[in-house]
Amino acid sequence: MHIGSVEPDIPGSLMLGGYDQSRVLDQVSSQQVDATNHLGNLMIYLKDIGIGVATGGSPFGFENRSGLFKWGDSITSRAKTVEIDPTLPYLYLPKQACDTMAAELPVTFNEDLGLYFWNTHDESYEKIISSPAYMSFTFEKNATNTQNITIKVPFQLLKLTLQEPLVEHNTTYFPCYPSDSFVFGRAFLQAAFIGTNWQEGIGSGYWFLAQAPGPAIGSGVQQSIGIRDTSIQASANSWEDSWDGYWVPLSSKKSNSSLSTGSTGIGSSNSGISTGAKVGIGIGCAIGGLVLIGIIAWAIISRRKRTTNSQPKTMDEYSIALNPAEKETPLQVNELYTHHPSDLRSGMDIQEAPGSTTIRHELV
1 MHIGSVEPDI PGSLMLGGYD QSRVLDQVSS QQVDATNHLG NLMIYLKDIG IGVATGGSPF
61 GFENRSGLFK WGDSITSRAK TVEIDPTLPY LYLPKQACDT MAAELPVTFN EDLGLYFWNT
121 HDESYEKIIS SPAYMSFTFE KNATNTQNIT IKVPFQLLKL TLQEPLVEHN TTYFPCYPSD
181 SFVFGRAFLQ AAFIGTNWQE GIGSGYWFLA QAPGPAIGSG VQQSIGIRDT SIQASANSWE
241 DSWDGYWVPL SSKKSNSSLS TGSTGIGSSN SGISTGAKVG IGIGCAIGGL VLIGIIAWAI
301 ISRRKRTTNS QPKTMDEYSI ALNPAEKETP LQVNELYTHH PSDLRSGMDI QEAPGSTTIR
361 HELV
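Heads up: the sequence shown is residues 1 to 364, going by the UniProt record's numbering.
Treat each hint with caution, since some may be false.
As the list claims (entries may be wrong) - Pairs of lysine-lysine, DSSO-like flavour, derived with a Cα cap of 30 Å:
1. Lys95 with Lys127
2. Lys47 with Lys80
3. Lys127 with Lys47
4. Lys127 with Lys159
5. Lys159 with Lys95
6. Lys159 with Lys80
7. Lys47 with Lys159
8. Lys47 with Lys95
9. Lys95 with Lys80
Quick caveat, the hints were computed from the structure, so don't treat them as lab data. As the structure is a computational prediction, the values presented were derived from the model and not from experiment.
Given the sequences, and given the hints that come with them, work out the whole structure.
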């Protein structure tokens with residue numbers, strides 16, 4: 001049996017004498033029914049409750065969190081036997097356990113009804129219920145404490161609606177109900193498959209627990225259950241694929257961080273180059289400019305020394321002051337090309353720049 005869901009639309013499934021294999025995903029836990037008083041209760045050991053994200057970024061301040069199953073004044077998660085009962089609506093757990101889960105969510109406890117109302121105006125609400133975020137329930141698999149099985153319930157299935165006469169208008173709530181009992185009802189079974197082989201029909205037998213699919217179920221595959229069967233076979237379908245197209249993955253935290261620093265160009269102040277890169281370019285340009293100025297100065301001094309040895313010069317010829325003709329002509333500022341400086345070949349004369357042009361260099 002798979003209860004299914006109203007929103008999103010997941011049709012329920014119930015078969016007698018067999019099961020729909022398309023509703024059984026991944027691992028299957030098989031355990032004996034509780035034969036106490038011949039009631040055949042479906043009991044299983046719950047080890048932990050957590051929060052996770054199937055794909056993409058997280059709507060929380062963490063990627064995953066465990067240890068939320070706290071009860072009996074415990075500060076850590078403690079295992080406990082719980083009953084699976086499709087006749088009841090909620091997740092019935094001690095208030096400490098409900099409060100621990102609720103502390104991670106935008107919900108407020110309503111004393112009158114004993115339920116947690118979603119704060120639908122909270123900015124994180126839509127991200128949580130529309131993203132691939134889920135609540136995980138880890139159980140003891142096959143009644144052995146060496147194996148685990150985890151059932152994932154997307155938050156889309158944990159935003160249920162209260163209607164009149166309980167409330168004046170439709171109200172969205174989180175279905176954890178504080179109780180001294182440990183019972184998982186229909187809220188849990190929206191995302192879980194259960195099956196039972198009663199065998200001889202005297203209150204004994206085996207029952208099965210597995211992950212159920214999302215809205216993209218696919219075609220049903222009917223399988224029978226033999227009277228002596230103690231296990232069933234799961235399908236090869238993927239749980240994530242069954243929700244594909246029905247949730248909206250968030251961008252990862254790493255991507256958001258890179259966008260906010262401007263390293264990808266989105267949200268940066270100019271061309272998208274990071275601050276560190278800009279500083280490096282500026283320093284490189286400054287050093288290159290100083291090196292080029294030094295080369296030019298060395299060339300001019302060397303040239304003048306050679307001309308001094310060849311013929312006498314007057315003091316005016318060594319002056320770098322502008323002559324009257326140059327003062328009337330606007331100076332031309334030429335942008336330096338980005339050629340790398342290279343050593344001068346010893347066999348060539350060094351040419352002096354015309355005295356009528358003054359080269360200015362501004363350091364950026």
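Status of the hints after comparison with the structure:
no.: 1; hint: Lys95 with Lys127; in the structure: 26 Å, holds
no.: 2; hint: Lys47 with Lys80; in the structure: 7 Å, holds
no.: 3; hint: Lys127 with Lys47; in the structure: 28 Å, holds
no.: 4; hint: Lys127 with Lys159; in the structure: 13 Å, holds
no.: 5; hint: Lys159 with Lys95; in the structure: 19 Å, holds
no.: 6; hint: Lys159 with Lys80; in the structure: 25 Å, holds
no.: 7; hint: Lys47 with Lys159; in the structure: 24 Å, holds
no.: 8; hint: Lys47 with Lys95; in the structure: 17 Å, holds
no.: 9; hint: Lys95 with Lys80; in the structure: 15 Å, holds
In terms of the numbered hints stated before, the structure departs from none.
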